[in-house]
Amino acid sequence: MKASFRNLLFVVLVGAAIVLAPHFVYPGFLMKAFCLALFACAFNLLLGYAGVMSFGHAAFFGTGAYAFAFVAKSHQLEPLTAVAVGTITAALLGLAFGLVAIKRHGIGFAMVTLALSQLVFFLALQPPLNQYTQGEDGVQDIPRGMLLGVLDLQDTLTTYYVIAAIVVIAILAIRRIVQSPFGEVLLAIRENEQRATSLGYHTQRYKLIAFVLSAAFSGLAGALKALAFQFAVLADLSWHASGEVVLTSLLGGLGTLAGPIFGGLLLTGIESYSVEINLPAQMVIGIIFVLCVVLFRRGIYGEWIHRRQARLLLEEEGRRSPTSQSPPCQHGGAG
Amino acid sequence: MKRTFAAIGVSMLASVAAAQSAAPFTIGIITDMSGTYSAITGKGSIEAAKMAIDDFGGKVLNRPVDIITADHQNKSDIAGAVARKWLEEGTVQALAEGTNSATTAAALAAAKAKNRVMLVTSAGSPIFTNEQCSDSGVHFGYDTNAVARTIVGPLVKQGKDTWYFVTADYAGGHALQSSIVPLVEKMKGKVVGSVLHPFQATDFSSYLLQAQASKAKVIVAANAGKDTINTMKQAAEFQVGQDGKQAMATSLLFLSDIKAMGLPIAQKLYAATPFYWDMNEATRTFARRFQQRTGFAPEMTHAASYSGVLHYLKAVQASGSVDARAVTQKMKELPVNDFWNSNVRVRADGRVLHNFYLVQVKTPAESKSQFDLLKVLSEVPGGDAFPSIAEGKCAAAKDGK
Numbered sequence: 001m002k003a004s005f006r007n008l009l010f011v012v013l014v015g016a017a018i019v020l021a022p023h024f025v026y027p028g029f030l031m032k033a034f035c036l037a038l039f040a041c042a043f044n045l046l047l048g049y050a051g052v053m054s055f056g057h058a059a060f061f062g063t064g065a066y067a068f069a070f071v072a073k074s075h076q077l078e079p080l081t082a083v084a085v086g087t088i089t090a091a092l093l094g095l096a097f098g099l100v101a102i103k104r105h106g107i108g109f110a111m112v113t114l115a116l117s118q119l120v121f122f123l124a125l126q127p128p129l130n131q132y133t134q135g136e137d138g139v140q141d142i143p144r145g146m147l148l149g150v151l152d153l154q155d156t157l158t159t160y161y162v163i164a165a166i167v168v169i170a171i172l173a174i175r176r177i178v179q180s181p182f183g184e185v186l187l188a189i190r191e192n193e194q195r196a197t198s199l200g201y202h203t204q205r206y207k208l209i210a211f212v213l214s215a216a217f218s219g220l221a222g223a224l225k226a227l228a229f230q231f232a233v234l235a236d237l238s239w240h241a242s243g244e245v246v247l248t249s250l251l252g253g254l255g256t257l258a259g260p261i262f263g264g265l266l267l268t269g270i271e272s273y274s275v276e277i278n279l280p281a282q283m284v285i286g287i288i289f290v291l292c293v294v295l296f297r298r299g300i301y302g303e304w305i306h307r308r309q310a311r312l313l314l315e316e317e318g319r320r321s322p323t324s325q326s327p328p329c330q331h332g333g334a335g
Numbered sequence: 336m337k338r339t340f341a342a343i344g345v346s347m348l349a350s351v352a353a354a355q356s357a358a359p360f361t362i363g364i365i366t367d368m369s370g371t372y373s374a375i376t377g378k379g380s381i382e383a384a385k386m387a388i389d390d391f392g393g394k395v396l397n398r399p400v401d402i403i404t405a406d407h408q409n410k411s412d413i414a415g416a417v418a419r420k421w422l423e424e425g426t427v428q429a430l431a432e433g434t435n436s437a438t439t440a441a442a443l444a445a446a447k448a449k450n451r452v453m454l455v456t457s458a459g460s461p462i463f464t465n466e467q468c469s470d471s472g473v474h475f476g477y478d479t480n481a482v483a484r485t486i487v488g489p490l491v492k493q494g495k496d497t498w499y500f501v502t503a504d505y506a507g508g509h510a511l512q513s514s515i516v517p518l519v520e521k522m523k524g525k526v527v528g529s530v531l532h533p534f535q536a537t538d539f540s541s542y543l544l545q546a547q548a549s550k551a552k553v554i555v556a557a558n559a560g561k562d563t564i565n566t567m568k569q570a571a572e573f574q575v576g577q578d579g580k581q582a583m584a585t586s587l588l589f590l591s592d593i594k595a596m597g598l599p600i601a602q603k604l605y606a607a608t609p610f611y612w613d614m615n616e617a618t619r620t621f622a623r624r625f626q627q628r629t630g631f632a633p634e635m636t637h638a639a640s641y642s643g644v645l646h647y648l649k650a651v652q653a654s655g656s657v658d659a660r661a662v663t664q665k666m667k668e669l670p671v672n673d674f675w676n677s678n679v680r681v682r683a684d685g686r687v688l689h690n691f692y693l694v695q696v697k698t699p700a701e702s703k704s705q706f707d708l709l710k711v712l713s714e715v716p717g718g719d720a721f722p723s724i725a726e727g728k729c730a731a732a733k734d735g736k
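Chains A and B are the protein sequences, given in the same order. Quick note on numbering: my numbering labels position 303 of the first sequence as 303, and the sequence is numbered without any gaps. Start counting at 1 in the second sequence, then tack on 335, and there's your number in my numbering.
Do not take every clue at face value.
Stated by the list, open to error - Output of the computed footprint for chain A on chain B, the stretches with three or more beta carbons under 8 Å from beta carbons of chain A:
# : stretch
1 : 401-412
2 : 434-442
3 : 453-467
4 : 714-721
These aren't lab readings, by the way, just hints derived from the structure by calculation. In this text, a Cβ means the ideal position worked out from N, Cα and C, and glycines have one as well.
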């Protein structure tokens with residue numbers, strides 16, 4: 001009972017925070033933070049749960065944004081449908097990448113995905129595709145349109161709530177995936193792939209599905225960002241963006257559900273805050289990252305969760321009571 | 336008692352009124368303070384804008400003029416979000432700079448949405464006075480159309496009538512080449528060949544040797560930034576363009592690029608610019624003031640920042656408005672006059688018709704001081720440097736608005 005009450009309290013608090021936040025913080029920054037958080041969660045689904053390191057996730061994020069931009073601008077598609085198109089395009093690209101890369105392990109996999117994502121970057125930059133991507137100018141002035149034909153997204157606050165809702169649903173979906181039997185198999189693969197194979201699991205197929213899912217959610221994040229800012233630019237496809245999402249996940253805490261969200265909020269916060277005070281943001285983020293690696297390797301949230309679990313375990317042993325409670329929004333320890 | 340209250344009331348009202356009239360008139364500069372473009376924009380543009388405000392007298396519409404700045408870290412989303420935030424909160428009355436074309440476009444979109452002016456002073460893309468032209472955007476300084484026209488005309492007239500292109504294989508490189516080729520052909524010149532190199536390549540030797548073998552009189556490095564620097568370094572190694580028969584040219588060149596290459600490598604390179612600090616007494620005086628503040632010589636983008644802010648303030652004063660349409664209309668009516676421009680016109684599409692100059696990098700022997708880097712060879716008047724409105728893609732200006 002106590003646990004469910006705490007869960008309820010947590011949900012209410014988070015809901016209230018999402019609803020009230022735009023009245024205190026500029027919604028543009030919040031939308032960006034949400035998109036980055038979702039992107040990091042999608043990445044974490046792959047690295048944190050399946051133990052597969054991709055260094056080319058910007059390809060999916062950027063493709064989602066460009067596909068959204070193309071159908072929303074050239075074909076005036078309804079925004080939700082356009083977001084779906086962005087997501088599906090990214091998923092298909094993920095399938096193509098996955099089929100090429102999935103047999104590789106570790107650093108090999110990371111390098112293949114990096115190479116493929118660079119390929120996508122240069123395709124977007126060069127003719128003939130640049131007539132759709134507008135090269136280094138980027139696709140600008142994407143109309144936000146009417147959501148489902150009824151809700152006018154011209155108003156930034158409305159767009160904020162729509163994006164917040166989609167991001168929350170997507171993160172809940174990711175939570176559902178990692179807590180399902182499928183997620184358990186992914187964890188087993190992460191811990192010991194040979195053993196998972198010996199238990200009869202077709203590990204490559206599982207990894208491929210995880211990769212495609214991760215690509216789809218990354219594309220969704222990219223499409224939402226394009227919806228929020230009304231442009232799709234090359235920076236979203238560049239390897240910097242691939243690096244940033246790794247950083248975000250590591251900073252928050254790999255293999256935890258809330259970690260990447262926390263990382264996304266933190267990184268966007270630093271970036272936005274340093275804009276107007278002219279602090280070199282990249283340097284600040286770099287220093288934080290070094291501190292993180294030296295002091296708390298599980299990430300900021302990951303470390304907290306880890307210590308909390310250790311404490312709970314101790315208390316439990318003291319009381320010798322078998323009921324354990326895990327916080328509502330995390331799963332497993334850090335890998 | 337009543338009188339005291341009344342007096343207090345009046346004085347409070349007066350102070351409120353005074354506070355309101357003294358509320359600063361703020362221009363928001365969105366630029367790159369720490370990244371790739373910080374040398375050609377960043378701090379220099381901010382100082383140039385401050386100099387313009389000082390020269391204007393520091394006040395417009397009885398309000399002190401102020402500047403706030405943001406470092407967009409070369410990310411469009413940051414540029415766009417900051418611009419929108421400032422404009423929605425009413426913090427700024429106008430935007431300036433933008434740096435590269437993607438970040439500029441993001442900030443300009445916000446200015447359009449909020450009906451305020453954006454002074455585009457460093458992006459090289461002509462889209463801001465073509466496809467994306469509007470009441471909000473006024474483009475000061477260079478664009479790729481103007482530099483292409485400035486290089487071709489004077490060089491072909493000198494008899495350098497065969498051209499070869501070493502082009503960066505991305506949209507910008509292709510656009511540059513396709514804007515130069517018809518100009519060369521129109522002047523009865525001949526393009527003898529071209530080769531594409533990958534964006535941010537490291538090895539240019541085979542491209543340069545092909546260019547050398549083509550015997551073309553002009554080899555154009557149709558690329559920018561690091562690519563141009565690497566092209567030139569390797570051209571110097573192979574002595575391409577140093578024999579007096581072939582010449583190297585590039586589209587646009589910043590003083591900081593020349594500094595990065597060094598004169599022995601960059602010497603004799605042709606380029607185009609609307610501004611060089613050592614053109615006349617007025618520009619030298621400006622450069623001295625600028626250098627005292629920053630420690631380096633002004634680039635064309637810094638001069639554009641000065642010009643833009645000064646002309647904007649004049650137009651605000653004259654029109655008594657901050658509304659985009661009213662101000663830009665006034666900016667188009669008034670000729671641009673400052674230390675650099677005399678009676679330069681702002682066209683209906685938002686293009687400021689600066690005069691352009693064909694320049695050549697000095698040899699180490701010719702250079703007398705740290706920033707003595709360029710020779711000005713010939714001048715192309717603003718009307719000829721830019722394609723006409725009829726040739727352009729600005730629908731609003733074509734309609735003769």
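Each hint tested on the structure:
1. 401-412: holds (count 10)
2. 434-442: Coverage by chain A holds here, the residue count being 5 at a Cβ distance below 8 Å.
3. 453-467: holds (count 3)
4. 714-721: Since 0 is below three, the answer is violated.
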